[in-house]
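**Student:** These protein sequences, in sequence, are chains A, B and C.
Going by numbering that gives the first Met the number 0, 183 is the number at position 184 of the first sequence; the sequence numbering is gapless.
Going by numbering that gives the first Met the number 0, 48 is the number at position 49 of the second sequence; the sequence numbering is gapless.
Going by numbering that gives the first Met the number 0, 702 is the number at position 703 of the third sequence; the sequence numbering is gapless.
Careful: at least some of the hints might be erroneous.
[To be verified] One side of the interface only, derived from the structure: several residues of chain A facing chain B at Cβ under 10 Å: (1) Thr18; (2) Arg36; (3) Leu44; (4) Ile48; (5) Arg60; (6) Trp64; (7) Met65; (8) Ser66; (9) Pro67; (10) Asp68; (11) Glu69; (12) Arg91; (13) Pro123; (14) Arg135.
[To be verified] No more than 30 Å apart at the CA atoms, straight line, and that leaves these computed lysine-lysine pairs for DSS-like: (15) B/Lys45 with B/Lys94; (16) C/Lys651 with C/Lys985; (17) C/Lys225 with C/Lys24; (18) C/Lys802 with C/Lys701; (19) C/Lys218 with C/Lys30; (20) A/Lys130 with C/Lys233; (21) C/Lys698 with C/Lys802; (22) B/Lys45 with C/Lys430; (23) B/Lys94 with C/Lys430; (24) C/Lys698 with C/Lys895; (25) C/Lys225 with C/Lys30; (26) C/Lys698 with C/Lys887; (27) C/Lys701 with C/Lys887; (28) B/Lys26 with B/Lys45; (29) C/Lys701 with C/Lys996; (30) C/Lys996 with A/Lys112; (31) B/Lys94 with B/Lys26; (32) C/Lys887 with C/Lys996; (33) C/Lys985 with C/Lys996; (34) C/Lys985 with C/Lys698; (35) C/Lys996 with C/Lys888; (36) C/Lys887 with B/Lys26; (37) C/Lys698 with B/Lys45; (38) C/Lys24 with C/Lys382; (39) C/Lys889 with B/Lys26; (40) C/Lys233 with B/Lys26.
In short, the hints are calculated from the structure, not lab data.
Every residue, glycine too, gets a C-beta built ideally from N, C-alpha and C.
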Amino acid sequence: MSDQLLSALPGAASEGFVTVAEAGLRGMITLRGDLGRLTFALAPLGLDIPAQRAITQADERSLAWMSPDELLLMLPYSEAAEATRTLQEELRGEFATVANVSDARAVFALRGKGAPDVLAKLCPVDFAALKPGEIRRTRAGQVAAAIWVAGEDEMRLVCFRSVAQYMFDLLTTAALPGSEPCLYS
Amino acid sequence: MLLLTCPCCGVTAEETEFTPGGEAHLKRFGPGSSDEEFDAYMFQRKNPRGVHFERWRHAYGCGKWFIAARCTMTLEVFATYPAQTLEPPAEVIEKIRARRPDWEGAQ
Amino acid sequence: MSHRLSSGGRLIDRGTPLRFSFNGKQMSGYKGDTLAASLLAADQMLVGRSFKYHRPRGVVASGAEEPNALVGLGSGNRFEPNQRATSTELFEGLRARSQNHWPNLDLDLLAVNNLVPQFLTAGFYYKTFLWPRAFWKHVYEPIIRRSAGLGEAPDAKSCDADRYEQIYAFADVLVIGGGIAGLQAALAAAEAGARVALWEQTAHWGGRAPVDGVEIDGKPAEDWIKTTVERLEKMENVEIRLRCMGAGIHDHGYTLGYERVSDHIPGSHGPRHRLWRMRAGQIITATGAIERPLSFAGNDLPGVMLASAIRDYLVNYAVAPGRDAVIVTNNDDAYRTAIAMRRAGLGVVAVIDARADVTGALPQAARSAGIRIIESSGIRKVKGSKRVKGVEICAIDSRGVAFTEQLSCDAVGMSGGWSPAVHLWSHCGGKLIWDEAGHFFRPDPDRPPTGADGRPNLRVCGAANGRLGAVLAEANAAGLESAQAFTPTAETGPAATDTTHDEAPMEPVWIMPRQAEYELRAKMWLDFQNDVKVSDVQLAAREGFQSVEHTKRYTTLGMATDQGKLSNINGLAVLSDALGQPIPATGTTTFRPPYTPISMGAIAGGAVGDVFQPLRRTPMHDWHAANGADWEPVGQWRRPYTYRRAGESRTKAVNREVRNVREAVGLLDASTLGKILVSGPDAPRFMDMLYTNMMSSLKPGKCRYGLMCNENGFLMDDGVVARLDENSFLVHTTSGGADHIHGWMEDWLQCEWWDWQVHTVNLTEQYAQVAVAGPQARRLLEGLGGTDLSRDALPFMGWTEGKLGGFDARVFRISFSGELSFEIAVPAGQGRALWDALLQAGESLGVMPYGTEALHILRAEKGFIMIGDETDGTVIPQDLGLNWAISKKKTDFLGKRGMERVAMQDPERWKLVGLETLDGSVLPHGGLAVLSGRNANKQARTEGRVTSTYYSANLGRGIAMGLVARGTERMGEVLRFAGPKDKVIKVRIVDPVLIDKDGERQNV
């Protein structure tokens, strides 16, 4: 099916004072349960359980703290279905829930020094306080989003798939040349 | 617009990240309860001028419900604490008393 | 006449002339000018007409407090009315026009109002237009709308062509006001290590200090301002911004800043305005003070200005409001204007001072410069019609029956003392005290606004705190203390020393002369913009208005777009005098945000056009859009209402789709349905609490329809539950209900039954879902192959999962149309491909997509309810004949107790029935069954209402459902429904199930 698989906005990108691009399909697995008891199931993936609001990374995978009893495992899309089954198997008998949500989201990459300036127009968040290794769940415009620093001058945002076009339009408008607020950059 | 600290994820955020849920520490009355009990559970709400306990959900954040102890007059937030409790924790009561010595207590 | 001086002007660039137009007349000014400065430079003293009386009006002030010089700016979709010329920066090609006159500014026929002002006294509208009532809409209102008011509203059909945006920002210390106090406060806080933001509403730093000749450390203030701004700009922890007004201070340090990003550079790429949504830990307001006018007859004539404004125009723009001015004052500060005029080589006819024995330093300096001072006097009357020609003088303590002297002049500068700009302090609860020495309200340091922690979060410094001179030390302390709220040990250096001025006290003169006769008081303006005079406030007091808030509303004093920045204290003083009480006893009206009007565009921000609100799109959205979808909003989703073919009407398209599902096979994009995973050892128990019927008995592999009620017992949502395994259920909710129901579940799990082991995961967006419905549905799916979907392998109300034509599918055999029907769920990324594959596989079978309207008709033919149609938040399941879905075995479920209440058991409750018009017509939406007689509210009595009504192409007539009193006991009875234009529609009560009562079609 891979040739017929579509991310929310395949190939969508815009150039402003920040480059906004839909980042394609990304595997995502929701894990709910006592975080301490999820450790053994996640250990084979080389991922530590993140601290409150942290996001840990290992190779192609990352693991984000979503709430006191919820983690989000991000990994290559092609691995998600199998990883879901494995985790469900490993956690059988535990009070834990594993759900493949890879198709439920859209991911955007914001590249450029002004990335926090763009996001500041949409989110009630102090981006000076958002350090690498932290994930912030918040509101972007009128929808829910999760944001983290993905590298030098790069930030990532995840939102629900159905509002991908809305989010892309918001980000593109916020990044229009001439509208630089020069707040964080 | 209030600033609230979610005790479940530790984020201090503005009110638009949260949704309000009304008076906290209500006791549910289901089948078998009297009309008076059910009426009180469904419809009778406190509207104090001063210290109040209310439910909030970090809807755009971690999704968890919590309780805020707040002054309805000055909007001072005395404390926030997780929802899994039947009554305000002792340390919350202490914080309120420190700021409102005349407070008659949660009733 | 007003004119430009040949030299000077600290803010203008004479090398860059700019052309602009006023009422179509070409004029020119310089870069750095405000529009008001350029108009005065061109001797355009008359700039508008007043609100009620259409009196000629000119520029009074030089900043945000201006009441008169409001103009319409721009044209077409960039036209904006009521813009202050005094805070509009001039740019090349600016187009302004004056307001509120007919036919033109110079000849305004509506000025007849001015001849009969006694008709327009306080409360005029309330008193005059009471009778006859019917006259309001067609006679009074159109006339009033024509003659009273400010600028014209922009053309309703044009859409603002500019962009606006909002931005969230954070600071430890926010300083509002970039005068020398604000600069010093920001510097101190920043040096003490705080993260600082500094906003200044104008285009320049330094405020009034350079105009007033302030010296800092022995040098002109300008030098210190320059070096201080440079220092601030270099600091990493400081963010400074010009053209950004502190508009409002709200709870917990939430402060709105209104930045005019590109008003002064039209054609630039950026947004026009930016609204800053700042969260500040500590706030310092250094917003300065506003000079008060004096109340004397004719104080509103063009050419009468605030004394400080005259000084501003002279020093900043080299514009003189006249050649020979009279200055009238009750304080020393106004002498600065007299001296500045004389220095600029202009004539000062006299300074008229209400005080006796004027011997302060500034008056003495004026005397030394040869300026005549007339003590213990006031202006009796200003002479002139469209501009000042002269003044009549009289003794201050008199009735002003006759003048003592006449003076010719072409400008009058007035000064009634200064009022600190306390607006921002007051927005969020800061209280004021009356300063007996200065005769103004100032912030009460003992009753400041407080923040989230209940502790003070606002400080004031400079003139905003009532200080005249020596402001830097206080500002330095304010900055340091604010920073210490974060770092108690923080330190900063000493402040520079600014000059202090010994000024003699002002005399609280509020009207002149003090005992003025009515004739004079009726020409003394308090509120220039709303045309409120001294006599109006006195009349209100006589008529019993004692509360300042009531008087404000009755007279409209302070209710115009300037919010009484000039009139506030003078109005309070006149009211207090009329009531025979001191000013503090009268108190002040409430200051509310915004400080000056902000654009609607800034309030809307970026939420316009395509992103006005989020539109939720399914994975098949693009296909729908390309294939004739007429959209219907369902919550934030957009769903196809129907798919129109070329030349096809909506109705025809719907009928075609409806027939095709019953005769062949249809496809519905059902991706919007809510899908929530409920999982855990206690999931069965939890499901039994959520639903009215028993869910714990559902077997894995099976589906069951269920109802959810709130605690009142009212129906809230419905849908099909699939049991995935022993501990997991997949809950389907209505399209609009997914988020609400997910939140509802989490609420009970987190706040009531937190010891239950249940998880929920909202999987709504993970799956694309397609309903394949119609007699050919199974054949179509068999064409894809992969999973056995035969009647035996997958019976009605069963589900299975596996490959379907290569897709990872979960197939539910459920039906909302009464036909053989399957709902196929695949990961959303495969949704579009599935849709295409189904269309292809069904091509030979006559497959067609169908929209929500066909869905609704098909379910109505079967008598199935729809949440939101048959329910409205007051309907219990029993009203809808759904008793079968309410468990009698369960001791508890949400809503059970609510349903047991007496009112819910009432046999008179309206019950769901089918409604069949005798003539086969379609009943109107929401139609009511009318009884004779009236109820207690004098409305027609009713016994039922339509909840769903459609034309059924399958039955060839109108079909409907409705709630009718004792409806189910009245089968066959004929009711009278109200139709349009008093028409009566006869309707028979029938069974709501109209097609396939035994359910054989869905069971094949």
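**Student:** Report the numbers of all earlier hints that the structure fails to satisfy, in ascending order.
**Tutor:** Structure breaks hints 1, 2, 3, 4, 5, 12, 17, 30, 34, 37, 40.
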